[in-house]
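Enquirer: So you can see what is in the structure, the chains are spelled out below.
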Amino acid sequence: MSGHPHSHSHSHPPVALRRPLWTPGVLVMLAFMAAAAVTLVVRFTGGIGAVSNLSNARPWGLWVAIDVATGVALAAGGFTTAALAHIWGRHRYETVVRPALLTAMLGYSFVVLGLLVDIGRSWAIWKPIFFQNHHSVLFEVAMCVLVYLHVLYIEFVPVVDEGLRDARPGHPLQKLVAAINRRLRPILWIFIVAGVVLSCMHQSSLGSLMLIAPTKVHPLWYTPLLPLLFLLSAIAAGFPMVIVEATLASSSLGTDDEMEVLTPLSRFTIVLLGLYLALKVGDLLWRGSWTSLLDGTTQSNAFLAEMGLGVVLPFLMLLRAKVRRSRRTLFIAALLIVGGVVLNRINVFIVAFTPPLSTTPYSPALGEILITCGFVAALMFCYRLAVTWLPVLAEKKEKTP
Amino acid sequence: MRRRSFLKMSLGGAIGAVALRPNSAAAWQSRAPADSYAALVDLTRCIGCRKCEQACQQEHDLPLPMKSFEDLTVLDNQRRPDAARFTVINRYHSGRVNPEGQLVADYVKVQCMHCQDPACASACITGALSKTAHGAVHYDVNKCIGCRYCMVACPFEIPAYEYHDPLTPRVMKCTFCEQRLREKQLPPACATICPTEAITFGKRSALLKLARRRLKEHPGRYIQQIYGENEVGGTSWLYLSAVPFSKLGFIPLPNKPLPKLTETLQHSLFSYLWSPALLFTLLSGLFFFNRRKQLQQPENSAGHAGGDV
Ligand code: SF4
Ligand code: SF4
Ligand code: SF4
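Protein chains in written order, with this note's numbering: chain A, 38 to 438; chain B, 399 to 707.
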């Protein structure tokens, strides 16, 4: 940060972990990536139809729901932590900013890769830049994602600079990155603020996408509040996502568990999740759609699962200080929230999508699942590579207080 | 000092942005072309001969179907238009009886409705779909990226996709024979071929008049509704029927054009990017305010594990 470039380095600084790479976990990731690679060959020789169950009635499926919509939502930790630590000035949370930024950067990169697979004319992905339809919600989402992706790369420059300085001092590349970083430092705040603004724009607009199809989206989810609900749920899931990641990283890599940051972080989540819950319940009552809550259809069950397991339960859990202080229960609560957002995006884009004329059902084909799993594995692999070579995570502190 | 004035400036800017906010929320305007072409389908005249399907296939060089167009057994199943056929005829048994007391079938022609304010065109990320002055909703393959948002948006579930083309798939739907009209001044192939003149081509206003006249002159023959007159703000394909449309696979639709909500939302939030600019200003102000506080008291408690758990 421009004001205090090394404010985090006095406590326990992020370091390149330099752990051995080829662990069993990494090998599993590679296996998933290989399976996806084979499926991709089929996709780009036989067409989308060769690997998916997408149809004229169900043009969007798993890839849009998970690779794109969920990917964007779960990358929200990037802008929420940046807003908290850098803009709101809560510098104690500095340590979680870098891993969250890395996740966001990788998350958005894979959103774009997912889009390349899902759109029929992958090579034409640049066209919206020149052929702009300003009425289209999707156009706005695409432009925001495009710009934000670059903002994230720029925000990551200081990390790369720091890593290169340690690993390859004097190397021409290191000098170049260092020079860029020097120029960048005084204006980095612009990108941090812009990142938050862009995120608010497209996180909400992702929810507006389905508003154009009132007759196709189940009333439990169809509400003009969808953009607000998407924005709020993404923000609410931001810190839980950070908690899940930090806990997974510290378990598998033996890094610092960051509990003294994660526990207070979860208190923000109570407020955000509570707000989301209130809005969601208020919306059901206001539109009167709660009447279809107990009709036993797939849709009502999916809605109950989404709200019960993904919102109400973790909300009640987090209310208890004991839950917030225990690494295990905090992890479970955070995981439920993250799962709730995943389920919400799946519900809005797949389960709720019930076109009245065509009866063609949809469930993802093996090919779709393989590609999605492969992308998730590749994302985790890239994360692993990045924390191995770049200063993102903090080592365990010598003495625990 | 500088920081303080920056904060003031950003607050001032924010207030300004709110004051100047374009007041487009109430200003949504239909972009339906004035007096464009349309087609009126009188279902009471349709005999289900499938000649229109055949004419459409020939006009657009579409692949020949497995079963010939003379084979009426295909009517035993309900079909949808798809990437290889822009229009289909479906048969319905609504329980309608003719004057001789025999049960008679109703036939329904299905194709793109060429909506007046098409959801597909509003949704399309690149504007590859557009409503022409002539009335057709035109597809420009050169702009299409294949996102299929048009298919998500269309209330009639019309646009189909070439899912088995790996690199250059197209969105496929009825063209309203727009090229034929432009180049040869001819009505759509399906309208021309129809042996019973069930399909009438003409200006939308004239066809609405014609439809109303038929409803008035033969009240017993029709139910008193013109499907497409008001549905989703009106469509270029209009239908008359002897039995309620709900029995013939027509879904009830709001009279409000579907793009209205999303476009109003998008434009009231984002025209001139006023709300992003406002948020940017406020957050920048907050950023500098907090940094200043930070610089004034470098020994603040950042990084300490607070007791507030
Ligand atoms: S029927 Fe569907 S595809 Fe045709 S113009 Fe209307 S919205 Fe577009
Ligand atoms: S698939 Fe093509 S025509 Fe349809 S919305 Fe996307 S870009 Fe537009
Ligand atoms: S108007 Fe032309 S494209 Fe449309 S159904 Fe008739 S013949 Fe086919």
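Check before you lean on any hint, since a few could be wrong.
Restraint ranges, calculated between C-beta atoms of paired labels, are given here [as the list claims (entries may be wrong)]: (1) B:H458 - A:S289: 35 to 41 Å; (2) B:N628 - A:H171: 23 to 29 Å; (3) B:G618 - A:G325: 37 to 43 Å.
Distance condition first, Cα-Cα at most 25 Å in a straight line; then the derived BS3-like pairs of lysine-lysine [stated by the list, open to error]: (4) A:K164 - B:K541; (5) B:K465 - A:K253; (6) B:K601 - B:K614; (7) B:K541 - B:K607; (8) B:K645 - B:K601; (9) B:K465 - B:K541; (10) B:K465 - B:K449; (11) B:K658 - B:K614; (12) B:K607 - A:K253; (13) A:K253 - B:K601.
Read the hints as simulated data drawn from the structure, not as lab findings. Virtual Cβ for every residue (Gly too), placed ideally from N, Cα, C.
Enquirer: State for each hint whether it applies.
Expert: Status of the hints after comparison with the structure:
For H458 (chain B) and S289 (chain A), the hinted distance range of 35 to 41 Å is not satisfied, since their beta carbons lie about 57 Å from each other. Taking the beta carbon of each, N628 (chain B) and H171 (chain A) are about 27 Å apart, inside 23 to 29 Å as hinted. Against the hinted window of 37 to 43 Å, the Cβ-Cβ separation of G618 (chain B) and G325 (chain A) comes to about 40 Å, which satisfies the hint. Note on K164 (chain A) and K541 (chain B): the hinted pairing holds, with a Cα-Cα distance of about 7 Å set against a maximum of 25 Å.
Straight-line distance between C-alpha atoms of K465 (chain B) and K253 (chain A) comes to about 32 Å, which puts the hinted pair past the 25 Å bound. Distance check on the hinted pair: K601 (chain B) and K614 (chain B) sit about 20 Å apart at the alpha-carbon level, within 25 Å; holds. Annotation: proposed proximity of K541 (chain B) to K607 (chain B) is violated, straight-line Cα distance about 37 Å (limit 25 Å). Among the hinted pairs, K645 (chain B) with K601 (chain B) is inconsistent with the structure: their alpha-carbon atoms are about 28 Å apart, more than 25 Å.
Of the supplied pair hints, the one linking K465 (chain B) and K541 (chain B) is violated, its CA atoms being roughly 34 Å apart against a limit of 25 Å. Taking the CA atoms of K465 (chain B) and K449 (chain B), the gap is about 14 Å. The hint holds against a cut of 25 Å. Taken as a hint, the K658 (chain B) and K614 (chain B) pair is broken in the structure, with Cα atoms around 33 Å apart against an allowance of 25 Å. Restraint check: the Cα-Cα separation between K607 (chain B) and K253 (chain A) comes to about 32 Å, which exceeds 25 Å; the hinted pair is violated.
Proposed proximity of K253 (chain A) and K601 (chain B) is contradicted: the alpha carbons are some 31 Å apart, above 25 Å.
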